[in-house]
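Asker: Here the protein sequences line up with chains A and B, keeping their order. Using my numbering, read the first sequence as starting at 1 and increasing by one per residue. Using my numbering, read the second sequence as starting at 1001 and increasing by one per residue.
Quick caveat, the hints were computed from the structure, so don't treat them as lab data. Be aware that a few hints might be false.
[Unchecked claim] Simulated coverage check for chain A against chain B, where a stretch passes if three residues somewhere in it have a Cβ under 8 Å from a Cβ of chain B:
id: 1; region: 51-60
id: 2; region: 630-638
[What the hints assert, rightly or not] Per label pair, the in silico range of CB-to-CB distance:
id: 3; chain 1: A; residue 1: TRP601; chain 2: B; residue 2: GLY1071; range: 40 to 48 Å
id: 4; chain 1: B; residue 1: LYS1126; chain 2: A; residue 2: SER300; range: 33 to 41 Å
id: 5; chain 1: A; residue 1: LYS633; chain 2: B; residue 2: THR1140; range: 24 to 32 Å
id: 6; chain 1: A; residue 1: GLU531; chain 2: B; residue 2: LEU1111; range: 52 to 60 Å
Since this is a predicted model, take the numbers as computed values, not measurements. For each residue, glycine too, the CB sits at the ideal point set by N, CA and C.
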Amino acid sequence: MNELDSVVKEFLVESYENLDQLDRDLVVLEKDPQNRERLASIFRTIHTIKGTCGFFGFSKLESLTHVGENLLSRLRDGLLLLNPEITSALLTMIDAVRKILACIENTGQEGDGNYSALIDTLARLQEPPEAPKETEKTKESAPEKSETPAESPKSVHPADGANAVSANADGANLDVRAQLADTKVAVEQAQAMTKRLGEVLAESGVIKREDLERALAQQGAGDQRPIGEILVEHGAAQPQDVLQALGAQQESKATAVSEGNIRVDVGLLDKLMNLVGELVLARNQILQFTTTQKDAAFLSTTQRLNLITTELQEGVMKTRMQPIGNVWNRFPRIVRDLAVACGKQVCVEMEGKETELDKTIIEAIKDPLTHVVRNSVDHGIEKPEIRTAAGKPAEGRLFMRAYHEGGQVNIEISDDGAGINSDRVKQKAVQRGLISREQAARMNEREVQNLIFLPGFSTAERVTNVSGRGVGMDVVKTNIEKIGGTVDVQSQMGVGTTLKIKIPLTLAIIPALIVTSGGDRYAIPQVSLLELVRLEGEQVRKGIEMIHGAPVYRLRGRLLPLVYLDRELKLASKSSSAAQETINIVILQADDRQFGLVVEWINDTEEIVVKPLGKQLKGIPLFAGATIMGDGKVALILDVLGIAQTAGVVSEVRDRHLGQSVAVGQESKDALETLLLFGLGSDQRMAIALSTVARLEEIPTKSVERADNHEVVQYRGDIMPLMFLNRVLPGASAAPAAAEMLQVVVYTEKGRSVGLVVDHILDIVETALTVQRTGQRTGILGSAVIQNRVTDVLDIPSLLGAADAMLLERQHEHIQERQQERQHERQEALAV
Amino acid sequence: MSVNRQLCTFFLDGLYFGVDVQKVQEVIRYQEMTRVPLAPPVVQGLINLRGQIVSAMDLRRRLEFSDRPVGQLPMNVVVRTEDGPMSFLVDEIGDVIEVEEDTFERPPETLHGLARELVQGAYKLKDRLLLTLNTDRAVTLATDKKD
């Protein structure tokens, strides 16, 4: 019986996969009802399920798929045209099939669900049966592309190799059967199926021709059972032979699609991964051993072992990677159902489906993403009439994008719907007591939009049966953060909403910074790491200031709360002693706040393999897991968010954050701009939009050359003019003594570059910019208060126009000339 | 005939303990441990068991015995639990012995404290008593999160 179980299991796995494909196919098909290839593929899938379940004796499933198949065959033959009603019915059928399959998986039985209503609907949707001959004609004239030479002319499924039955036998049996079954197509299918299985058995010599013919005759005489069963009953074949033949039959079908693929159990992969981990450790130990050895053969062998192990590790890691499309593929169906339910029109577009992520992460983001997608359709995209009234196309657009960036995967889900109504969000948040009225008044657009992530936030009147059922955006945020990711929302009223999710590539192996505290090593995931600060000598005593007992450090003018790792871990404190020579601060980002973690020693960065902690240690919020270091010892991985919460950084900084927004909020309600701040002379502060800055460079003063009475440098194979801001800007303080290195801001516009020489780079800030005009100085747009300091905002185009436009122009022309010359040369070369 | 049980035995503070041999994955000598700050005191640290990270629980502390004398290195008895392997730190390792079921008795009244909760009973051997430990209970701490 076990053998049968495994065959059933195989059938289930395959059917599930096929059903997922069906969902997608149907949604695509609805848009393009004439797509015969898709129809044929849908038809094949249902047909396979029907055929197989017939063999296993799942009668309910068979009768259900049977009507579905009939309906599909009509669509395929062009007798019916797909409409939303039919699509819905077919999708419902797929759901029902899934339900039955799930039941079979759990209990081995089909369950007692009643699907007669659905069967009736499906039957009603198809036209009354046509006369067999007419159908045949239609079908033969149908433009079916087939490249299988062995195919019989009557075959209904192109690309189905197993259809290579002799047309002769096909026709002979057709006459008998046509009278028995309700529709011609069903007969042909059933017959093709039995014939094929019988054929397989006969060919492999398991059964005799006579037996087959007798069984077929019995079937022809009204026995509805599959041929395999009849044969077994006659004693002509053994059950396992039939199963084998069935397997062979399916295999021959499957090869076309999955020639290069095999299914592997995830458990096996995990085990392999563990073994590779052990191999890596053994390798590390051998490598340490080699340092005491001089045998050349031994050394080269270890070297080989080393390389192979690394490659093996990478390979096994790769097997765990899956394209994000695996999750996304469910969405067109979900969106379609939702859109129909809400009376909306939505099209789904995807980009970067092939972006790969670790399987565990794929699993973890499945639910949050689904929630976000549901939200977009339910709340975001408006009903067609509202959209047309607002001058938008009636059909809403849901756009999903995934791409790799800096060791992370970015996922964006945007819709062109109504956007987030900030006033209503504020109102609700105040109503629910999540923020105070004063706070609400102070908040800017972005902060308000991010309120939707607060636990307990829901705009009650928007609750529908689709979303708003208690699973809020806060759960989305928590789940994403659990895997080390971040979420951000950007929305514009009436234009749409974009949700940005950043997640690590893999949870299994992550880059980490190794630090020492209290004599033990700890790993800090690099995603949370911003920068490292080292205080030496004088700074040790002066750098850290106290605010009512809370240590802070001034990082470029901003106060940064400090957390001592050894104190948080309740370790014997060494770092607090005043006699220390250096202080190492690791600046970390937790949520949207920054803090400095004081550690004893900063060791190195390393790729670490994350391992979970046992249940006795899961309750400690400070640790995210453990890892094994190169020397075979265990090190704990710090949970940055957990530390921030334990140390109280979170609430503290949140207040600060709100405080900051007071200033910003009063200045402007504009969108935030990212600015590069730099200094001229000793006290003058300047800002330019970071988007106009191509790069920041340090150029040795020595490499400055002169051309055309201008200072220039050779930069990336081109000549880049330099502009000393302290000379060209009126009223700028005099240049300080010539430094060895010039700080150059490379400004690029329309493919031309100019290097702005500044005295020092200060910071990059994100702020709402309100420029107040303070006099009409050339090259200065005006002034603004940034970081509580008056800062001049540069107007580079005008500056360039005034001073160096000519030079830029010349350079540009020069380049163009050169290009033209080159073109000429090329043309000449071609002509020759 | 009653089926005889095989027990892996070890010593703790002079007492003779045994756990079902089926539950024991392996017995290894002292391993260097990484301490876990803020962990419950019974968890002495983490050991690297061929690439797998295993928590080491000091059975002396778990049973509320006095701490092991300084300088005496414990041995590891790695047991299988629902949660994966877990190491018990014990004083010394004994033999694997076969016991007869009819020599088993419930824990004596004189045994008190936490030990009474974790000790299933005693096998009366010729020369001494062999206490059997409920490993599932031993690895579950009261502070564990129920998840």
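Asker: Now, for every hint given, state plainly whether the structure supports it.
Answerer: Consistency of the hints with the structure:
no. : hint                             : result
1   : 51-60                            : violated (count 0)
2   : 630-638                          : holds (count 5)
3   : A:TRP601 - B:GLY1071: 40 to 48 Å : 29 Å, violated
4   : B:LYS1126 - A:SER300: 33 to 41 Å : 60 Å, violated
5   : A:LYS633 - B:THR1140: 24 to 32 Å : 27 Å, holds
6   : A:GLU531 - B:LEU1111: 52 to 60 Å : 58 Å, holds
The structure shown violates the earlier hints numbered 1, 3 and 4.
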